Amino acid sequence: MASLTAGRRGGRTDAALRAALGVGVLLLIVLLWDLGVRGQWVLVFGIKMAFLPPPVEVARLLWDFAFGGLYDDAYSAALWEHLGASTSRVLAGFGLATAIGVPLGVLMGRFVWVNAALDPAVNLFRPIPATAWVPLVLLIIGFGNQATVFLITLSAFFPILLNTLAAVKEVPPRMVEAGRMLGTSGWGILLKVVVPAATPGIVSGLRIGLGLAWVILVLGEANGIDTGLGAMITLAREQVRTDRVVVGMIVIGLAGFLSDRVLVRGLGLLFGRRPLVRA
Amino acid sequence: MRSRARSALTRVTRHAQAGGVVLDGVGKRYPGRRGEPDVEAVADVDLEVAPGEFVAVVGASGCGKSTLLRILAGFESQTSGVVEVGGRPVTGPGSERGVVFQDYGLFPWLTVRENVTFGPRQRGVPRQTARRHALEVIETVGLSRFTDRFPGELSGGMQQRVAIARVLANDPALLLMDEPFGALDALTRTQMQHELRRIHRETGTTVLLVTHSLEEACYLADRVVVMSGGASHGVPGHVSQVVTVDLGDERDVNGESFNALERRLVAAVHGEESAP
Numbered sequence: 034m035a036s037l038t039a040g041r042r043g044g045r046t047d048a049a050l051r052a053a054l055g056v057g058v059l060l061l062i063v064l065l066w067d068l069g070v071r072g073q074w075v076l077v078f079g080i081k082m083a084f085l086p087p088p089v090e091v092a093r094l095l096w097d098f099a100f101g102g103l104y105d106d107a108y109s110a111a112l113w114e115h116l117g118a119s120t121s122r123v124l125a126g127f128g129l130a131t132a133i134g135v136p137l138g139v140l141m142g143r144f145v146w147v148n149a150a151l152d153p154a155v156n157l158f159r160p161i162p163a164t165a166w167v168p169l170v171l172l173i174i175g176f177g178n179q180a181t182v183f184l185i186t187l188s189a190f191f192p193i194l195l196n197t198l199a200a201v202k203e204v205p206p207r208m209v210e211a212g213r214m215l216g217t218s219g220w221g222i223l224l225k226v227v228v229p230a231a232t233p234g235i236v237s238g239l240r241i242g243l244g245l246a247w248v249i250l251v252l253g254e255a256n257g258i259d260t261g262l263g264a265m266i267t268l269a270r271e272q273v274r275t276d277r278v279v280v281g282m283i284v285i286g287l288a289g290f291l292s293d294r295v296l297v298r299g300l301g302l303l304f305g306r307r308p309l310v311r312a
Numbered sequence: 083m084r085s086r087a088r089s090a091l092t093r094v095t096r097h098a099q100a101g102g103v104v105l106d107g108v109g110k111r112y113p114g115r116r117g118e119p120d121v122e123a124v125a126d127v128d129l130e131v132a133p134g135e136f137v138a139v140v141g142a143s144g145c146g147k148s149t150l151l152r153i154l155a156g157f158e159s160q161t162s163g164v165v166e167v168g169g170r171p172v173t174g175p176g177s178e179r180g181v182v183f184q185d186y187g188l189f190p191w192l193t194v195r196e197n198v199t200f201g202p203r204q205r206g207v208p209r210q211t212a213r214r215h216a217l218e219v220i221e222t223v224g225l226s227r228f229t230d231r232f233p234g235e236l237s238g239g240m241q242q243r244v245a246i247a248r249v250l251a252n253d254p255a256l257l258l259m260d261e262p263f264g265a266l267d268a269l270t271r272t273q274m275q276h277e278l279r280r281i282h283r284e285t286g287t288t289v290l291l292v293t294h295s296l297e298e299a300c301y302l303a304d305r306v307v308v309m310s311g312g313a314s315h316g317v318p319g320h321v322s323q324v325v326t327v328d329l330g331d332e333r334d335v336n337g338e339s340f341n342a343l344e345r346r347l348v349a350a351v352h353g354e355e356s357a358p
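Chains as they are written, first to last, in our numbering: chain A, 34 to 312; chain B, 83 to 358.
Isolated chain B, as found in the complex (with noise of 0.2 Å):
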């Protein structure tokens, strides 16, 4: 069973070349309302993400790391900088880059099974086969048994893997996730992760996680992006560290180097907070 699910995400892995990011200067500005200056939620980001990289976003709240998701996703378009995705630049949204919203946002009128066949049925795939590969999908998130299934009846933790089907069955280039595991209880959020870790580990799509767990950020990402500032503290939005996380394949929570990388982080995360 488990290779069939295997050979399904090979047809992803055709697509991963495809999923380098470069963010270049990238800066967002927001009209101000009557009488009063932009506001800059996001300047001079540069940053490269190589094809199969999985890199970690974190920071303060209103630091901007969610606007440049939500940039990469072609929801929002950047005021200024350049933004592209496998050497394209980003116009808008698009099924090459599937996003991971903290809330889910399944359809809550489609089963699991649909929600899954959604993306593939809309890029014109025949029922059929948009049908055997959504199977394959759902089998690799572990909810065979849910396909009939509508999201209301789920669990939060169900409905986020629902969540990550539907965007793997579009075998994209790029996965955005937004807070994915926010709303989920400490032991879903762990079992979550080894999972995010397991299918990125068989797709080899990259992976871009906005998170405000450092912990969540070390044990998942090849690199972790800090960044800092935001409207509120009157600095834009901005890349302030870009730590490499050398632990390995294997990572211990509670091992030594791993407390000592999330100690770095905190102090990363949280000495741009108390400068002036």
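Chain A with its partners taken away, still in its complex shape (with noise of 0.2 Å):
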């Protein structure tokens, strides 16, 4: 029993040790930004840090971006307004993207004729990069909201339907033949058997879908949307508002960060304990 308190104790400290260890390494970034500007270094690639604002700077600006305050411009605790509207456009293109590709990776995966239909389509769609998109729908959808959703649906498409077939495909044969003698066939062998024994590897397949959708946010935001993060980084950048563009690039790696715990801890309310999200 001793040696077991000790183990777990043992475990705690690993824990806190390492997580110092990460935000340790966060804090000597911060602090080489800082000396990188101070000192106008010039690295690799051209980078010019003294064109970067100092991040005492940036973290006011921040500040003032979520509870105003400190410069009462138009951006003044105005982070909200534009984070909800990025997030709800990432919600719809992930939702979207979801309610298509998973359903579709599991017939893919489960019927030989399914997949011999749409396997020669998906891999001739599937390298091309949203980036490449971008100008045919801005000609064929137009500037604004629903061109940021096409993206983010198309973006975050691919590896949700990709994850999703892969994982229905190594469905061990064992489980579909326990089902089968139990009792089950056709769509309860799909649904009861084949789609839980795929869970985790269709769950990250979401999660990478999730990543990618708020990459390609700022790509949809670029033209033609007042109010997101995209459409504020762009805006900066025209203003060259080095400052802002950081900020805005600070707020979108927290947005993304977040919503894949959000996402990874709602599955796990929704599973309790059952072993369906890898570890």
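Honestly, the hints are just simulated from the structure, not real lab data.
Hints should not be assumed to be uniformly reliable.
[Unchecked claim] Label pairs and their in silico Cβ distance ranges: (1) B:GLY264 x A:VAL63: 39 to 49 Å; (2) A:ILE161 x B:ALA100: 57 to 67 Å; (3) A:LEU291 x B:GLY234: 22 to 32 Å; (4) B:ARG116 x A:ALA52: 52 to 62 Å.
Being a predicted model, the structure only gives us computed values, none of them experimental.
Just so it is clear, CB atoms sit at the ideal spot from N, CA and C, and this is done for glycine as well.
Two chains, two frames, some hints: make the complex.
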């Protein structure tokens, strides 16, 4: 019993140490950033640190963006509005991609004919990056919300589809045999055996898709949109407001990170102790 | 408590009459790879198993014993001959033929109880009835303390008990077991053999057990079917001998007659193997 407690305590110390290490590296990056700006370092790729705002200034701007009271301009305390607009676009695109990608992936993975019908099309469209879609989308949809949601849907769709497809194909034949000899067939096998067995892989696809949704957001919001983090960054670049660009980057990074945590936690609540999400 | 478990098992017995097996001239041929001739895994297998009988199938790897079991389960279909269970031809898997796999094949996302209720629920048994029956069957295999655990949290022996419980919950007429204890350690294995013997007596279900342990076959079975040949021997797998185990109900694995019988089986299995 004593050794067990010691082991557990050791585990906790370990976790604390690892967290400290991670935070330490982050602090180091901020420190180097500050030194670089002060010393006007020029790094590889011709990175001119002198053009960057110092971290303190970015922190002040971020605070004002979130809570206001420092600068009193159009962006004071406007973070929530921009974040809300961006989040709703991400959710719409991600939701649509999930609603299409998961069922399609399951059907492709399970039915040879569905796979034969769709596999060539998927493989032809998949390598076209979202950036390459932008000009066409602007011409056939036009600037704005719909174009952005379309681009997000498109880019989240493929990882969700392909991960679902792979996960379904990798379901051990034994699981299906077990289901059949217990008296299940047809849709029962699909819904009660194949889908749960593939769930860890499907969840991996959802996480990748959600991450990509935030990546593509900036691209989509760059054109014809007023409210949104991507729109804010684009405008800031046009106004050469490097500090505001950095603030926008930080907020999008945090939003992407948090949305992944929310997704994993949410699924965790849904699944309880069931081993359905990869550790 | 035991009597409650028994009442669950009498329900099983009712169906056991349907558990007779008839194999008549059964063969399985796989199409050969490009340009090569077909592979004949099994040929001309004749075997009848009476309802309630316990039959073990032994033989070297590749002799087709698992193929035979998979055909009976309905996972594969024979390419020749007749396969009947309970007087009806086998056309696919069915809940009246429960299969216990060597690798358990439990659903890892379901608890022990949910794994056991899975079959009955799929067949439309009401939730409460299925649940009550499941708890009884789980008690039969001695896992009452673990009903809410997930398979990944159990030892191999316990997982195999769950696998047995989930097919018993379906009241199967025939229990098909494919080297069920092959992955277990020796101690657990012996224990599981005792339990299987008890369960067979209590349920009266027909059992077909594929095993590579001759001792296991001698200890459990009423008859032992020895298979030999196999694609790698150039001869299709076939039944070379059927040995009746006349050791009675109380079997002493260290007893004289037990060892004599086991030696006979060893000779039957290996004699064929060394033949040209």
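ask   = Among the hints numbered above, which are violated by the structure, and what are their numbers in rising order?
value = 1
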